[in-house]
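Student: Residue numbers (this note's numbering), protein chains in the order written: chain G, 1 to 295; chain X, 1 to 418; chain W, 1 to 366.
Just so you know, the hints here were simulated from the structure itself, not pulled from any lab data. Being a predicted model, the structure only gives us computed values, none of them experimental. There could be a bad hint or two in this list.
[Claimed, not checked] Which residues of chain W face chain G? A partial, calculated answer using Cβ under 8 Å:
1. 19
2. 46
3. 51
4. 53
5. 65
6. 226
7. 239
8. 241
9. 244
[What the hints assert, rightly or not] Simulated coverage check for chain W against chain X, where a stretch passes if three residues somewhere in it have a Cβ under 8 Å from a Cβ of chain X:
10. 151-157
11. 214-223
12. 283-294
13. 319-333
We treat Cβ as the ideally placed atom computed from N, Cα and C, and that holds for glycine.
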Amino acid sequence: MSARDDRMAPRAVPRRPGERRGLAGTFLGYATLIFFALVFLYPFVIQIANSLKTEPDAAADPLSPVPHPLTLDAYERVFLGTDLPLWLGNSLLVTVAVTVARVLLDSMAGYALARLRFRGRRAMFGAIVAVIAVPGVVLFIPKFLVLNQLGMYDSYAALILPVLADAAGVFIMKQFFESIPVSVEEAARIDGAGVLRTFWSVVLPMGRPALITLTIISFQGTWNEFPHSLVAVQSPGLFTLPRGLADLVSGSLGTGTQYPLKLGAAVLATIPVAVIFVVFQRYFVRGANEGSEKG
Amino acid sequence: MKNRGYLRTAALAVATCGTLLASAACGSGFDEGGAQGAAPQSSGPADLRILIGSSGEAETTAVNEAAAAWAEATGNKATVTPAQDLVQQLGQAFAGDNPPDVFYVDASRFPDYAGVGALEPYGDKISDPRDFYENLRTSFSRDGKLYCVPKDFSTLALIVNDDLWKKAGLKESDIPATWDELTSVAEKIKAEGMAPLVMGDTRDRVGAFMVQAGGWIASPDGKQATADSPENLKALEYVRTLLKDDLARYPKELDAGWGGEAFGKGKAVMAIEGNWIKGAMTADFPDVKYTAYELPAGPAGKGTLSFTTCWGVAAKSRHKEQAISFVEAMTKADQQMTFAKAFGVTPSRQSAKDAFVKAFPADAPFVDAAGYGRGAVNAPKMDSVLADFDGGLQQLESTAPAELLKRLQKNIQSALGN
Amino acid sequence: MDITVGRGRRLGRRTSATRENLAGWLFLAPVVAILGLFMLLPILMALWVSLTAWNGQGSPFTGRVPFVGLDNYTRLFTEDDLGRLNFVTSIRNNVYYVAIVVPAQTVLALGLALVVNRRMLKGRAFFRSAFFFPSVTSSVAISVVFLFMFANSGAVSGLLGVFGIRGPQWFSDARGVLHLLLSGLGLADLDAPPAALTGGGPLGLSWWEWLSGPSVAMCTIITLVVWTTSGTFMLMFLAALQDIPVTLEEASLIDGAGRWQRFRYVTLPMLKPTVFLVLTLGLISTWQVFDQVYVMSQGGPAKSTLTPAFLSYQTAFRDFDYGSGTAISFILFVIIVLLALLQRWVMRDRAAAPASSRRGARPGRS
């Protein structure tokens, strides 16, 4: 049918191919979009709605988006009955520290690899590319061993230090610095500015878009990081939010399924990233695509 | 990749830098502790770290109070931490060379810890060790040495929901004493449209039937595998029939995390659980009335499983003397009674039995079963073997019991190395 | 070395080169130190541990730890014991997992990208975000939500109930879906599987067990992962779609190509590099599934969601068998590297394909 339409269509008007569909096509397109939007978003609706329900209500009518009755009981218990405030604090501390350090260290390294001519540069770049290829999952036990051996196991240092730099971030920054013109830096250098000064007051300001992207990927990655905290710490006082949440789920609360409470904690773990997602959406999109470059 | 030379240089650079780091870092490990038992001891006031696998708020509070009292009396300090995942936390702490001084050790984990030298065998330094029930002491002994003393214990009993029992038209005299009676009351309950019995889907519940049939997984000394026996087969065949006819259900089928939850929610009329169910019932289902009875006897007579935990003291602790004094205080008969009142455990000292039964007459069935309860398999490296068996039990309805037992037998033998 | 006066003021070029050399290393030093200390060194340490029978007591780097050579590795393949059974089972589970997740997420991502890319539809930015949002949330938090949704009285069962279907008990059902399919077709009886298949099979699993398919419980994890990852891959497809020159599509229009033909002969070939990229990233990440298993099933029921990543964790930290645990993780490492290499080899003509290679460098793009 659409093939026949094609032949009828006036060829003189250069429209994009996607635009010549009938009403049916449009309807189908929207139907698909709405269906999948429901599939992708409704679980979050369920999550929020059920965290506001009583336990019997959540068990009886899990699908309903309307709590009946609406109660903040789960949140009250999350804050008063569990260590969640502590986990939130730890997560915040770790995430901020790691993000700041990553942005600084990764852009320094990326700049060095992109611009500075020093001996061993290509070798180091090769090494960093190789590091990107190491699957994180094989590092659980190794990381534990090294933290243990260094006497850092079960400390804030163990949570933070090992993830302070990431090779993928270095790669992104290197690509970025290579894409901006050299002329500005050269001007600065001719004016006698040292490498550090050039980097700090000329290069970094120019790198704003890439820095924001890196900040966002780092924040999101660190906030959600789970396995690292599993092998780095064991004291409940050092748990980050995902670790604490995982323990809540595996039943340290003792009896009962307590879904509203668990979902409430999950909501709290989701909110910061969700807010950042909404505000900085386009950087997320870039991050995803740049992540693909490293493959 | 552009050329190999550059990759090779990279590899070389990485290797060099790695070696440098390694030589710099490995030196700073903390090997000073040295061989087992050689941990330097410090006398005088200590800051004891105590890691417990708490059953809930009540237990944490009770242990905290007891620890504070001990610290007060002896001039030491004691920090009690409830573990989120005791096995994992202890495992990582042992590898970290910096374990807590005192910690709970489950009987099923005891052989593993003792086997690798993580536990200080202090049993004979506690006053009157023979006062602890003998089968509990056996659970924590290795090569004739009592490593740690039992904190408390429990056995499995048949828990019956009084109201639902009546609703099914049953009387107190209908409480099943044998397998046949169990089958027949279960059928009556099922006919009333209720789920008769809920029990956990692991050897820790199903195993009771094996004991009642006269079998068990391994010999008492833990040296021989005895899984592949006709008695065990009879037990599993029986449980399989119960499951197939929906006379018994696993908790997951009733949408519950464990038997007590399903029972408390009234999803089943009977449950096979230990006395820890009391705490859960009081906290979560205070309105449900229930009674505990001894488990029905099988072809070989009465049988149940007993569960126990001991106060382990780390071989690497720097304050062993103080740690043992702490355990002494925790296992005094009257302290055990305090714990019993706080969170419903059964004292492991026989001298506390009378006081306990007097205070908790409803718990008599749990204590009475102490004499014939079977403890955990006292052999190392059993955890994954038994977890595998549990996996089989979960699929008991669709698996041939003989196959399950054959597989268990083979796995135990290979783990025991015979 | 050249010692003529450089373009600068007082500094000779030699000093400038030395300074740049120094600066380069200084700038790189923190990252190199951290990666060396927490990536390279740990791997070397773990390699050593995988060659020993360290029992998790004290330090593994002393003379008292027994050296066992490659035993930890060979045992996983040759010794007829529980260790091998667990390992082989985890590999089987992961193979099924990969075989479903990778095609499913690729097709779904491509489909979504094609719909979102239709310029006539309004609100595409919203839908793009909606599809992408699950990808950025915490895997642990999402696992909690799915645990709730797939609970026996949960949302999914409720939804199926609307259509009159009685959902399975998702997290306690270890039956393989292939087995269920076979029995549904009347080809096999689950209680009495065909004797020809149960007799034996490679590596300690019978043919019947090999042919189980993913378990019902595993299907929940598969659903979760496809749901979370499709958004990211959709964005990659979307970027590639936008790189397709309009003229090319127009040319095909003029040739009178139908919609399907256009997709098949114009769009798809242009997307080939992205498809390969998505497949590789998918292959690499699906072999690493861990968080979801940890939170949702811990490998159960009946080991049917056990994966090598989780098994290595469990073997080391719960069974104290660090040697075997690290050996499993290195085997996993090799599997992933081999897949990546294989993929590189398949894609060796990618350089000839246009588009998308300089994409990331363009600032300000959304």
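Student: Identify every previously stated hint that the structure contradicts and give their numbers, smallest first.
Tutor: Hints 3, 4, 5, 6, 8, 9, 11, 12 not satisfied by this model.
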